[in-house]
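**Q** Spelled out, the chains give:
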Amino acid sequence: MISWFTGVLPYGGAYFVATIIDILVIALPLMLAVAMIIYADRKIWAAMALRRGPNVVGPFGLLQSFADGLKVFLQETIIPSAANRGLFLIAPIITFTVALAAWAVIPFGPKAVLANINVGLLYILAVSSLGVYGIILSGWASNSKYPFYSAIRAAAQMVSYEVSIGFVLVTVVLWTGSFNLNAIVEAQRGHIFGFINFYALNPLLFPMAVVFLISSMAETQRAPFDLTEAESEIVAGYQTEYSSMSFALFWLGEYGNVLLMCALNATLFWGGWLPPVDWAPLYYIPGILWLFAKILFCFFIFSWVKATVPRYRYDQLMRLGWKIFLPLSLIWVFLVSGYLMLTRYGMHP
Amino acid sequence: MVQILAFYLFAIVTCVSGVLCVTARNPVHSVLWLILAFFNAAGLMVLVGAEFIAMLLVIVYVGAVAVLFLFVVMMLDIDFAELRTGFARYLPLGIALVALLAAEIIFAESAWNAGGLSLSGTAPTPETVPNIQALGILIYTRYLYIFEGAGLVLLVALIGAIVLTHRKRGDVRSQNVSHQNMRRPQDATRNTQPPVGQGVEL
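These protein sequence lines are chains A and B, in that order.
In our numbering, each number is its position in the first sequence, counted from 1, plus 1.
In our numbering, each number is its position in the second sequence, counted from 1, plus 1.
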């Protein structure tokens with residue numbers, strides 16, 4: 002892309018224009034994907050509850066999300082008089098922006114990645130840890146009881162589960178020897194028996210794949226860990242005072258984060274853009290389609306859990322995070338590094 | 002050109018948000034300015050090629066420390082009148098601190114002008130070895146004992162924090178999940194055939 006623009010512009014300008022176009026090429030389809038994934042979520046949820054789900058707007062109700070978007074777009078933005086005005090408006094923007102920013106390092110193919118930096122995984126960890134600010138700020142700035150409870154719940158929950166996510170990432174990084182996401186995908190080629198492209202089927206990494214899947218649900222505040230918006234306890238949580246587009250930004254950001262976590266699950270444990278088995282004809286299908294298939298499968302698991310598992314109590318959530326996942330992932334870091342020391346690096350480094 | 006522009010952007014925002022962090026009336030705003038300062042400091046780190054340190058700065062300080070900070074500060078009952086009375090009381094101390102810092106900066110500046118210290122080691126070259134590897138090789142070989150010592154200090158601090166805050170409360174019924182899972186129907190229920198008119202003993 003850059004080489005094409007250097008014909009027209011000086012190098013700096015060409016780089017700038019090419020990067021902007023690359024960003025749009027990721028962000029715009031992502032918005033479309035979020036709209037469709039909300040529809041898919043509602044349909045799956047409905048099917049599991051023996052309902053029909055959205056079926057009125059457009060064929061099979063496909064345009065439902067766009068109708069909802071138009072509806073909130075036309076509504077009035079209501080700002081509570083006691084709210085902290087600036088922060089109240091910034092909070093949803095933070096949530097939305099952060100949900101988009103992390104996609105910069107997700108590899109869609111061997112070459113198709115916006116920023117192929119060698120600390121890619123740390124970048125994702127850094128950006129996703131910013132996501133909590135949108136929620137905390139919205140809860141505090143609303144100056145209202147229930148949003149504030151929700152903000153406190155969110156802060157404690159996200160910090161707790163980030164710890165175990167961090168250790169899970171460490172096991173993957175140890176096995177790969179790199180923080181670069183493309184290197185992690187590449188290292189999974191023929192990982193099991195020389196032809197299965199999954200880390201997750203490695204007996205040493207499988208438990209971590211499960212821990213990561215559950216932790217990513219907690220990190221994105223999906224059911225059964227959606228205590229921040231538990232409607233039976235705290236109305237709608239941090240979104241209670243929001244309306245119109247500021248509400249829609251939360252909505253988009255939330256699903257953008259869910260998709261990101263699905264993409265991370267797919268990339269770290271299920272081979273990313275590689276086909277499931279290392280067999281030449283499968284490589285004729287573009288890598289991006291394999292990645293999408295894996296993301297959608299992961300999202301189906303998210304929806305499935307949302308439709309079937311009851312919400313956790315808060316002390317149970319904390320118990321799972323601190324007393325089960327943290328020791329488990331910590332032990333696994335020891336196990337994996339010990340195993341690698343024994344087999345890959347020899348006893349005497 | 003772009004680097005210099007970026008440097009001044011990050012540096013100015015860091016300084017301004019640092020000042021605003023101190024002067025902001027609302028403690029929550031203070032913490033938010035502090036977060037902005039951290040963030041721009043991470044940007045400065047990226048500019049000098051220390052991308053690992055930059056990411057750690059964001060993950061540790063912005064992602065964890067500042068969240069807990071905000072968590073505590075949000076729950077403060079902010080009384081602006083009391084804040085102002087405190088201002089006069091702490092003013093002498095504040096002025097002393099400012100004088101000290103200014104003196105240190107001037108002293109360091111003149112010392113640097115006088116030639117500066119020549120560092121014995123050389124910084125790892127980012128072109129050949131990535132940041133993380135260079136750091137890892139040093140920490141886990143040459144400075145292993147110091148690193149382990151730092152870890153030990155952190156462990157002691159961790160245990161200390163738990164010992165200081167942990168208290169046993171007698172009136173709490175906690176849930177023992179393994180106990181619940183091990184419970185079988187025959188432990189909880191009993192089939193009886195009570196004669197008519199006699200009922201059961203519990």
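You may find that some hints are simply not true.
[Claimed, not checked] Derived pair list, reagent style SDA-like, types lysine to any residue, alpha-carbon separation capped at 25 Å:
1) Lys324(A) - Arg170(B)
2) Lys169(B) - Lys146(A)
3) Lys169(B) - Pro11(A)
4) Lys324(A) - Ala158(B)
5) Lys324(A) - Thr24(B)
6) Lys146(A) - Pro55(A)
7) Lys324(A) - Tyr144(B)
8) Lys112(A) - Pro11(A)
9) Lys307(A) - Phe89(A)
Treat the hints as calculated values from the structure; they're not laboratory data.
**Q** Of all the hints numbered above, which does this structure not satisfy? Sort the numbers upward.
**A** Numbers 2, 3, 5, 6, 7 and 9, in rising order.
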